[in-house]
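With chain A's structure known, arrange chain B on it following the hints.
Chains A and B, in that order, give the protein sequences.
Under the working numbering, the first residue of the first sequence is numbered 2, with each subsequent residue one higher.
Under the working numbering, the first residue of the second sequence is numbered 2, with each subsequent residue one higher.
The set of hints was computed from the structure by calculation and includes no laboratory data.
Being a predicted model, the structure only gives us computed values, none of them experimental.
You may find that some hints are simply not true.
[Said to hold, decoys possible] Which stretches of chain B does chain A cover? Using the computed rule of at least three CB atoms under 8 Å from a CB of chain A, they are:
{"hint": "1", "region": "252-261"}
{"hint": "2", "region": "277-291"}
[As the list claims (entries may be wrong)] Calculated lysine-lysine pairs in the DSSO-like style (CA-CA distance at most 27 Å, straight line):
{"hint": "3", "chain 1": "A", "residue 1": "Lys127", "chain 2": "B", "residue 2": "Lys11"}
{"hint": "4", "chain 1": "B", "residue 1": "Lys179", "chain 2": "A", "residue 2": "Lys8"}
{"hint": "5", "chain 1": "B", "residue 1": "Lys8", "chain 2": "A", "residue 2": "Lys127"}
{"hint": "6", "chain 1": "B", "residue 1": "Lys80", "chain 2": "B", "residue 2": "Lys70"}
{"hint": "7", "chain 1": "B", "residue 1": "Lys293", "chain 2": "B", "residue 2": "Lys35"}
{"hint": "8", "chain 1": "B", "residue 1": "Lys70", "chain 2": "A", "residue 2": "Lys70"}
{"hint": "9", "chain 1": "A", "residue 1": "Lys70", "chain 2": "B", "residue 2": "Lys35"}
{"hint": "10", "chain 1": "B", "residue 1": "Lys175", "chain 2": "B", "residue 2": "Lys127"}
{"hint": "11", "chain 1": "A", "residue 1": "Lys405", "chain 2": "A", "residue 2": "Lys328"}
{"hint": "12", "chain 1": "A", "residue 1": "Lys7", "chain 2": "B", "residue 2": "Lys8"}
{"hint": "13", "chain 1": "A", "residue 1": "Lys7", "chain 2": "B", "residue 2": "Lys179"}
{"hint": "14", "chain 1": "B", "residue 1": "Lys70", "chain 2": "A", "residue 2": "Lys8"}
{"hint": "15", "chain 1": "A", "residue 1": "Lys208", "chain 2": "A", "residue 2": "Lys175"}
{"hint": "16", "chain 1": "B", "residue 1": "Lys11", "chain 2": "A", "residue 2": "Lys80"}
{"hint": "17", "chain 1": "A", "residue 1": "Lys8", "chain 2": "B", "residue 2": "Lys8"}
{"hint": "18", "chain 1": "B", "residue 1": "Lys293", "chain 2": "B", "residue 2": "Lys268"}
{"hint": "19", "chain 1": "B", "residue 1": "Lys405", "chain 2": "A", "residue 2": "Lys11"}
{"hint": "20", "chain 1": "A", "residue 1": "Lys268", "chain 2": "B", "residue 2": "Lys405"}
{"hint": "21", "chain 1": "A", "residue 1": "Lys293", "chain 2": "A", "residue 2": "Lys268"}
{"hint": "22", "chain 1": "B", "residue 1": "Lys11", "chain 2": "B", "residue 2": "Lys127"}
{"hint": "23", "chain 1": "B", "residue 1": "Lys89", "chain 2": "B", "residue 2": "Lys268"}
{"hint": "24", "chain 1": "A", "residue 1": "Lys30", "chain 2": "A", "residue 2": "Lys398"}
{"hint": "25", "chain 1": "A", "residue 1": "Lys11", "chain 2": "B", "residue 2": "Lys127"}
{"hint": "26", "chain 1": "A", "residue 1": "Lys70", "chain 2": "A", "residue 2": "Lys89"}
{"hint": "27", "chain 1": "B", "residue 1": "Lys268", "chain 2": "A", "residue 2": "Lys8"}
{"hint": "28", "chain 1": "A", "residue 1": "Lys89", "chain 2": "A", "residue 2": "Lys208"}
{"hint": "29", "chain 1": "A", "residue 1": "Lys7", "chain 2": "B", "residue 2": "Lys89"}
{"hint": "30", "chain 1": "B", "residue 1": "Lys179", "chain 2": "B", "residue 2": "Lys7"}
{"hint": "31", "chain 1": "B", "residue 1": "Lys405", "chain 2": "B", "residue 2": "Lys320"}
{"hint": "32", "chain 1": "B", "residue 1": "Lys175", "chain 2": "B", "residue 2": "Lys268"}
{"hint": "33", "chain 1": "A", "residue 1": "Lys11", "chain 2": "B", "residue 2": "Lys80"}
{"hint": "34", "chain 1": "A", "residue 1": "Lys179", "chain 2": "B", "residue 2": "Lys7"}
{"hint": "35", "chain 1": "A", "residue 1": "Lys89", "chain 2": "A", "residue 2": "Lys8"}
{"hint": "36", "chain 1": "A", "residue 1": "Lys7", "chain 2": "B", "residue 2": "Lys127"}
{"hint": "37", "chain 1": "A", "residue 1": "Lys127", "chain 2": "A", "residue 2": "Lys179"}
{"hint": "38", "chain 1": "A", "residue 1": "Lys7", "chain 2": "B", "residue 2": "Lys268"}
{"hint": "39", "chain 1": "B", "residue 1": "Lys175", "chain 2": "A", "residue 2": "Lys268"}
{"hint": "40", "chain 1": "B", "residue 1": "Lys179", "chain 2": "A", "residue 2": "Lys11"}
No residue lacks a Cβ here, since even glycine has one placed at the ideal position from N, Cα and C.
Protein chains: 2
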Amino acid sequence: MDLLNKKFQKIGVENAPGQEMRQNTNEIKLRGEKLSGTPVDFSHGDVDAFEPIPGTLDVFIAGVHHGGKQAYTEYRGSKIIREDAALKLANFTGASINPDRNIIITPGTQGALFLAMGSTVAMGDKVAIVAPDYFANRKLVEFFDGEVVPIQMNYLQTTDCAGLDLTQLEDTFKAGVKLFLFSNPNNPSGVIYSPNEIRTIADLAQKYGASVIVDELYSRQIFEERTYTHLCAQNIIDPENLVTIMGPSKTESLSGYRLGVAFGSSKIIDRMEKLQAVVSLRAGGYSQAVMKSWFAEPESWMNERIAQHQAIRDDLLRKLRSVDGIKVRTTEAGSYLFPQIPNLDVTIQEFVKILRLQADVTVTPGTEFGSQFTHSFRLNFSQNHQAAVAAIDRLIKIMERHRK
Amino acid sequence: MDLLNKKFQKIGVENAPGQEMRQNTNEIKLRGEKLSGTPVDFSHGDVDAFEPIPGTLDVFIAGVHHGGKQAYTEYRGSKIIREDAALKLANFTGASINPDRNIIITPGTQGALFLAMGSTVAMGDKVAIVAPDYFANRKLVEFFDGEVVPIQMNYLQTTDCAGLDLTQLEDTFKAGVKLFLFSNPNNPSGVIYSPNEIRTIADLAQKYGASVIVDELYSRQIFEERTYTHLCAQNIIDPENLVTIMGPSKTESLSGYRLGVAFGSSKIIDRMEKLQAVVSLRAGGYSQAVMKSWFAEPESWMNERIAQHQAIRDDLLRKLRSVDGIKVRTTEAGSYLFPQIPNLDVTIQEFVKILRLQADVTVTPGTEFGSQFTHSFRLNFSQNHQAAVAAIDRLIKIMERHRK
Chain A
2 MDLLNKKFQK IGVENAPGQE MRQNTNEIKL RGEKLSGTPV DFSHGDVDAF EPIPGTLDVF
62 IAGVHHGGKQ AYTEYRGSKI IREDAALKLA NFTGASINPD RNIIITPGTQ GALFLAMGST
122 VAMGDKVAIV APDYFANRKL VEFFDGEVVP IQMNYLQTTD CAGLDLTQLE DTFKAGVKLF
182 LFSNPNNPSG VIYSPNEIRT IADLAQKYGA SVIVDELYSR QIFEERTYTH LCAQNIIDPE
242 NLVTIMGPSK TESLSGYRLG VAFGSSKIID RMEKLQAVVS LRAGGYSQAV MKSWFAEPES
302 WMNERIAQHQ AIRDDLLRKL RSVDGIKVRT TEAGSYLFPQ IPNLDVTIQE FVKILRLQAD
362 VTVTPGTEFG SQFTHSFRLN FSQNHQAAVA AIDRLIKIME RHRK
Chain B
2 MDLLNKKFQK IGVENAPGQE MRQNTNEIKL RGEKLSGTPV DFSHGDVDAF EPIPGTLDVF
62 IAGVHHGGKQ AYTEYRGSKI IREDAALKLA NFTGASINPD RNIIITPGTQ GALFLAMGST
122 VAMGDKVAIV APDYFANRKL VEFFDGEVVP IQMNYLQTTD CAGLDLTQLE DTFKAGVKLF
182 LFSNPNNPSG VIYSPNEIRT IADLAQKYGA SVIVDELYSR QIFEERTYTH LCAQNIIDPE
242 NLVTIMGPSK TESLSGYRLG VAFGSSKIID RMEKLQAVVS LRAGGYSQAV MKSWFAEPES
302 WMNERIAQHQ AIRDDLLRKL RSVDGIKVRT TEAGSYLFPQ IPNLDVTIQE FVKILRLQAD
362 VTVTPGTEFG SQFTHSFRLN FSQNHQAAVA AIDRLIKIME RHRK
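The following block holds chain A by itself, in its conformation from the complex (with noise of 0.2 Å):
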């Protein structure tokens, strides 16, 4: 029991998003009044002030008036849900996809990184992660007990690209690396990897034989019809090293139906398959019929969601950018900011939660990024626009009570 006591300390959830409520605040001594707004939570997006794809409740209606059919699917998923889903993609993306072969519906995005992840991760294997990235890429490499080799970003000292340090990747994958696992655009940081960047990663992933895992789960929602490039479509790694995830929980809303797919590797595919098999058996099978209703979204609605998602991106902006010692790249895809703030009179962790005690703002620590990260914070800015400019006011201003 000492070797997973040890591991699920590393696997902690009590700063994860969503799960704030149960975190202890005991300790935590306050200062000043408390501030009253309407409460915000920043930790994911709010899906009553952003509904879901129209329609897609009569989806799941329809998928359970289809029986048993539909809830007992192959455990990759429904072949109607996958011929369709794998059409759709492969026509956002560029790349081709045989839909008995490669591609796999999973619960949610989570599950399609887990099942991917357990897949390509043996014990003792050496995983590249980029810092900042999503904090659950590092807490499954710990969990299949591989090694996390952090991979820096420098994301605030570039504009024209993400800032991977490539060279820093090319040495890793030299000392012997044979995963990379990213997301494009990044989360927390909201930056697109510039086609250099893409080729770059193909090209050496290609030449060290090394797989790649990447998350695109916040590939729809680009500001400024900005250039993004799909590593699935550059035709350079092996097909069959590599894997893309994606799912309808973002811009779409959709978290609540539990969906996402992998697409890519038929190796890494069929093992996740297998996988799933004693993880939950499959995609709850009503939900997969929400699949239908993505990429089917009626016309101009993804464009007014980008559009609405932009005007508040630009008010938090320019509220934060107009604190001294604030500094935060512009979000250029997705829906998340990740400001860097100044020295504080107390941690990072402690921020966040005085932030909620007091002002009724919930964020997510940047520690949970990569532990360097601790003068910053993500925010979900997918939320009621006046709601959200009226809680930033209330960040900065709980900011300054504790500013060194």
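Chain B alone, transformed into the frame defined by chain A:
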């Protein structure tokens, strides 16, 4: 990758229920005419023949309309749903369950099993598994790099108990086994452990400081009002060493919603939540709402369902027992039969494929439940009554063609 290749070979799904359409059947040699009749898939229950609890879809729809609060719950599940489920399960089992500490909502009972095993099995751990028992039990031990120690259950030689070899169980505890996983009622044989067996399991686990995970998935569908003994109500084992698993996927036909629960040890439940955070975040948010229907079925609905299943069971038993050389224990609870058949001129895996190709009858080979069950198959008789009876006639005919 070699380690992983080996591991994934051990957790193959080619013969697993629901995966039959992916089987390679090119090498199978068929004999005689195809037998016509309504196709019956005995690999799982037919939710079109036995529909979900009335009103569940309405409860789901209300969950969707509840919005973000229902979509984004704590990883261990919505507090309200946990409180409701804890109360119902405490009433049903006689155990005490704190909704904040002792229960987690999971994606199906499979999800609960996976999380419980991932929270208790470290590399090299010896885990006692009943032969026969649910096929995923063995695969989970393999996936987590444990070692399966089989405990024999003489279900064909006993009538007043399950027939577990309790001496063998004690010997394995003496030899260092620290975890025992079993299903009660047993899947695939349909037998219930006697009060004496349950109490002895509890005594032995407590004596040797072992943990126990008990899968009670079918404990609501008891025939002839037999005695069912909940291990968690015996107050013999340290409650921190016990986890009980249940769910509404079987008798209640809610498998399409992917819901399960685990309750018991707060330490193991805490770990399960951490693991769930990286596996799939949570059981589908909207689906969680459906838990309200569970244990709230219309009066008489459950009794009628049990009576209907008993009638199917009796007809199938009569058919099977009329054949010389077939041995089968009467199902005491749940919807499984696990007949033992005479020597054939094909392997059990081949027989199962032939049966599907020539009679449109799908069953699961016994070897999924333990390597020695080369003369058995499992069938789930939660099917259309008439179609099931006709399918058994076809099954017997195909068997006679291949009898040695």
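Do the hints match the structure? See the list:
| no. | hint | result |
| --- | --- | --- |
| 1 | 252-261 | holds (count 4) |
| 2 | 277-291 | holds (count 11) |
| 3 | A/Lys127 - B/Lys11 | holds, 24 Å |
| 4 | B/Lys179 - A/Lys8 | holds, 19 Å |
| 5 | B/Lys8 - A/Lys127 | holds, 19 Å |
| 6 | B/Lys80 - B/Lys70 | holds, 11 Å |
| 7 | B/Lys293 - B/Lys35 | violated, 46 Å |
| 8 | B/Lys70 - A/Lys70 | violated, 30 Å |
| 9 | A/Lys70 - B/Lys35 | holds, 24 Å |
| 10 | B/Lys175 - B/Lys127 | holds, 12 Å |
| 11 | A/Lys405 - A/Lys328 | holds, 17 Å |
| 12 | A/Lys7 - B/Lys8 | holds, 23 Å |
| 13 | A/Lys7 - B/Lys179 | holds, 18 Å |
| 14 | B/Lys70 - A/Lys8 | violated, 31 Å |
| 15 | A/Lys208 - A/Lys175 | holds, 10 Å |
| 16 | B/Lys11 - A/Lys80 | holds, 25 Å |
| 17 | A/Lys8 - B/Lys8 | holds, 21 Å |
| 18 | B/Lys293 - B/Lys268 | holds, 26 Å |
| 19 | B/Lys405 - A/Lys11 | violated, 57 Å |
| 20 | A/Lys268 - B/Lys405 | violated, 39 Å |
| 21 | A/Lys293 - A/Lys268 | holds, 26 Å |
| 22 | B/Lys11 - B/Lys127 | holds, 17 Å |
| 23 | B/Lys89 - B/Lys268 | holds, 22 Å |
| 24 | A/Lys30 - A/Lys398 | holds, 17 Å |
| 25 | A/Lys11 - B/Lys127 | holds, 24 Å |
| 26 | A/Lys70 - A/Lys89 | holds, 23 Å |
| 27 | B/Lys268 - A/Lys8 | holds, 14 Å |
| 28 | A/Lys89 - A/Lys208 | violated, 30 Å |
| 29 | A/Lys7 - B/Lys89 | violated, 35 Å |
| 30 | B/Lys179 - B/Lys7 | holds, 25 Å |
| 31 | B/Lys405 - B/Lys320 | holds, 20 Å |
| 32 | B/Lys175 - B/Lys268 | holds, 24 Å |
| 33 | A/Lys11 - B/Lys80 | holds, 25 Å |
| 34 | A/Lys179 - B/Lys7 | holds, 18 Å |
| 35 | A/Lys89 - A/Lys8 | violated, 39 Å |
| 36 | A/Lys7 - B/Lys127 | holds, 19 Å |
| 37 | A/Lys127 - A/Lys179 | holds, 7 Å |
| 38 | A/Lys7 - B/Lys268 | holds, 14 Å |
| 39 | B/Lys175 - A/Lys268 | violated, 41 Å |
| 40 | B/Lys179 - A/Lys11 | holds, 23 Å |
Taken one by one, the earlier hints fail for this structure at numbers 7, 8, 14, 19, 20, 28, 29, 35, 39, listed in ascending order.
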